[in-house]
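Enquirer: What follows is the residue order along each chain.
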Amino acid sequence: MRGESSMNVKKSPKELLINNLVPILFILICAFGIPLSGYSGSYLLNEILSRLGRNSFLVLSLLIPVMAGMGMNFGMTLGAMAGQIALILVTDWNVVGIPAMVLAALISMPVSVFLGWLCGNILNRAKGREMVTGYIISFFMNGVYQLVVLYMMGSIIPISSSALVLPRGYGIRNTVNLEGMRKSLDNLIPLNIFGASVPVATFILVAIFCLIIIWFRRTKLGQDMRAVGQDMEVARQAGIKVERTRVLSIIISTVFAGFGMIIYLQNIGTLNTYNSHSQIGMFSIAALLVGGASVDKANIRNVFIGIILFHLMFTIAPTVGRNLIGEAQLGEYFRVFVSYGVITLALVLYEVRKRREQRKALEEA
Amino acid sequence: MVLDFYKKRSFWIRVAVIALLIALGVWMFFIGKQHTILLDNNRSGDYRPLDEVAVSIDGSEPLDIWSRMRDQMIVTGQGHTLTVTYVDDNWQEQTITRELDIPVGEVYMLLSLPYLINNPDSPQEEWLTHFESQAVAVTSDEGSDIVTDETAAFSSF
Chain A
2 MRGESSMNVK KSPKELLINN LVPILFILIC AFGIPLSGYS GSYLLNEILS
52 RLGRNSFLVL SLLIPVMAGM GMNFGMTLGA MAGQIALILV TDWNVVGIPA
102 MVLAALISMP VSVFLGWLCG NILNRAKGRE MVTGYIISFF MNGVYQLVVL
152 YMMGSIIPIS SSALVLPRGY GIRNTVNLEG MRKSLDNLIP LNIFGASVPV
202 ATFILVAIFC LIIIWFRRTK LGQDMRAVGQ DMEVARQAGI KVERTRVLSI
252 IISTVFAGFG MIIYLQNIGT LNTYNSHSQI GMFSIAALLV GGASVDKANI
302 RNVFIGIILF HLMFTIAPTV GRNLIGEAQL GEYFRVFVSY GVITLALVLY
352 EVRKRREQRK ALEEA
Chain H
83 MVLDFYKKRS FWIRVAVIAL LIALGVWMFF IGKQHTILLD NNRSGDYRPL
133 DEVAVSIDGS EPLDIWSRMR DQMIVTGQGH TLTVTYVDDN WQEQTITREL
183 DIPVGEVYML LSLPYLINNP DSPQEEWLTH FESQAVAVTS DEGSDIVTDE
233 TAAFSSF
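Protein sequences, first through last, are from chains A and H. Residue numbering for the first sequence follows the working numbering, beginning at 2 and increasing consecutively. Residue numbering for the second sequence follows the working numbering, beginning at 83 and increasing consecutively.
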């Protein structure tokens, strides 16, 4: 969000190239990979539309902490866990369709608020190291999630469905079938374009979320977040409750990540109880960075460019790997390696840029 | 001073929003709850099964239930319209239409077609009863292998 005004300042081609290195790299990978994959245009369009629908909400949830200067919220995994717990409960209660999604969203909300509050307070004690702290918190909370799902569900938390509970009588099975709500949002308003099905209702929801983000930036809280993101000390002196604002940004992000996870899983139709959430933060962050965002600057445009490029690579990589080397598994490894690589590259570039700006400021002084 | 929070307007707005969200959740639970109705064409007391009965719920495609057969229909929500069509002893086609009100806590309900056809005006509780599904006999540990390896999600992403 921050730094949009600096877009008007003319930049040299070299600077533009460095600033957009990650998206350019991805455009090149996709331009090279698409002909090699042999996929038809309509197949790729279908895949991209489907992936845009299921991932946008998750990636958009990352924008608010960036606005508050807290970097990429690796703690969004906590929201994903809340969403999954809600989905398990709703599946056990035999609630289906859109009501199941709404109910799951409502159940996930207090859990997400609590986890977001916890995460935000911890991050306030680790200022300047929010991302790595968030990442470690998500690992820690993963353990708590496993304790709840593997030991408490079925024993302390009543779960009656034998399709969900492990044969031993407590704990949830490895996979939960979400057949009752599979694509219930995506297919709510059916539309086909060039043989590709468009998840219209999901896109409407995403558009509403985009509008909320735009509106939120103009609110008092949004302005406070931007002020905190630019300079915490200046914001504090201006009377803004910095810690509270930062906690709120993480809570909002976690709640929306929970909603995003529900939308994501209704599209997939199956919940991998113990690992669906584990990589969601990393992939969402990687997608946002591929779209040209950085740790301190991200906008809605980055979200959509990122999802398109990142998921185009994700779709074609296994086939390209198979066609080039005869090993589909290589493509699988490639996309995982690229996900981590993109985050590393974006973090390094951010640090290089920050140091260059500091050096320039020193020279000017 | 500490107990003055309830005098603030914002407090009551928050309470109202939370109450609204809870009410929305309860409503969603009611309208989204799925029930399985077992359509039973077996002997029920003194009532013999019919040769063929066509059953439709909420105008769905009729389901033919033959003598001594049982089939199922899955419905969402509590209020439904049941339509049963059969041929009587005089070879006349008869249709019974009844309103169903399924208790929210029920997952499986057994609908006795011979009883309903012979007592079309009887209360719902007499021909639509609770059905306890038999526990799933677990013969293997299928699905019990817990995979907590985080990289396992890569392939499904």
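None of these hints come from the bench; they were simulated from the model. Treat the hints with care, as some may be off.
Here are some, though not all, of the chain H residues that point toward chain A, as calculated from beta-carbon distances under 10 Å [claimed, not checked]:
no., residue
1, MET110
2, PHE112
3, GLN116
4, GLY141
5, ILE156
6, GLY161
7, HIS162
Computed list of lysine-lysine pairs in DSSO-like fashion (alpha-carbon distance at most 30 Å, straight line) [unchecked claim]:
no., chain 1, residue 1, chain 2, residue 2
8, H, LYS89, A, LYS15
9, A, LYS298, A, LYS361
10, A, LYS242, A, LYS15
11, A, LYS242, H, LYS90
12, A, LYS15, A, LYS221
13, A, LYS15, A, LYS361
14, A, LYS12, A, LYS242
15, A, LYS184, A, LYS355
16, A, LYS221, A, LYS361
17, A, LYS221, H, LYS90
18, A, LYS242, A, LYS298
19, A, LYS355, H, LYS90
If you anchor each label on the Cβ, the simulated ranges turn out as follows [to be verified]:
no., chain 1, residue 1, chain 2, residue 2, range
20, A, LEU26, H, GLY159, 47 to 53 Å
21, H, LEU102, A, ASN20, 55 to 61 Å
22, A, ASN178, H, THR179, 55 to 61 Å
23, A, THR220, H, GLU181, 46 to 52 Å
24, H, LEU102, A, ARG126, 45 to 51 Å
25, H, LYS89, A, TYR341, 30 to 36 Å
26, A, SER163, H, ASP170, 54 to 60 Å
27, A, ASN178, H, TYR88, 41 to 47 Å
28, A, LEU26, H, GLU143, 49 to 55 Å
29, A, ARG219, H, THR179, 55 to 61 Å
As the structure is a prediction and not an experimental result, all values here were calculated from the model. Every residue gets a Cβ at the ideal spot worked out from N, C-alpha and C, and that includes glycine.
Enquirer: Has the given pair, LYS355(A) with LYS90(H), been kept, meaning a C-alpha gap of at most 30 Å?
Expert: This hinted pair is violated, its Cα atoms lying about 46 Å apart.
Enquirer: Within 55 to 61 Å or not, the Cβ separation of ASN178(A) and THR179(H)?
Expert: 35 Å, violated
Enquirer: LYS184(A) and LYS355(A): Cα distance at most 30 Å?
Expert: Judged against 30 Å, a Cα distance of about 43 Å means the pair is violated.
Enquirer: CA of LYS221(A) to CA of LYS361(A), is that 30 Å or under?
Expert: Violated, at about 33 Å.
Enquirer: Given the hint that LYS89(H) pairs with LYS15(A), does the C-alpha gap stay at or below 30 Å?
Expert: 60 Å, violated
Enquirer: Please check whether PHE112(H) passes as an interface residue: C-beta within 10 Å of a C-beta belonging to chain A.
Expert: With a minimum Cβ separation of about 8 Å from chain A (threshold 10 Å), the hint on PHE112(H) holds.
Enquirer: Double-check ILE156(H) for me: the hint is only fine if its C-beta lies closer than 10 Å to a C-beta in chain A.
Expert: 9 Å, holds
Enquirer: Taking the beta carbons of LEU26(A) and GLY159(H), is their distance inside 47 to 53 Å?
Expert: Hint holds: Cβ distance 51 Å, inside 47 to 53 Å.
Enquirer: Taking the Cβ atom of ARG219(A) and the Cβ atom of THR179(H), is their distance within the range 55 to 61 Å?
Expert: Between ARG219(A) and THR179(H), where Cβ atoms are some 56 Å apart, the hint holds.
Enquirer: Holds or violated: 46 to 52 Å for the Cβ distance of THR220(A) and GLU181(H)?
Expert: 49 Å, holds
Enquirer: I want to verify a distance hint. Is the separation of the beta carbons of LEU102(H) and ARG126(A) within 45 to 51 Å?
Expert: Roughly 35 Å apart at Cβ, these two residues miss the hinted range, so it is violated.
Enquirer: Given the proposed pairing of LYS242(A) with LYS90(H), does the C-alpha separation stay at or below 30 Å?
Expert: Holds, at roughly 21 Å.
Hint compliance for this structure: hints 4, 6, 7, 8, 10, 12, 14, 15, 16, 19, 21, 22, 24, 25 and 26 are broken, all remaining hints hold.
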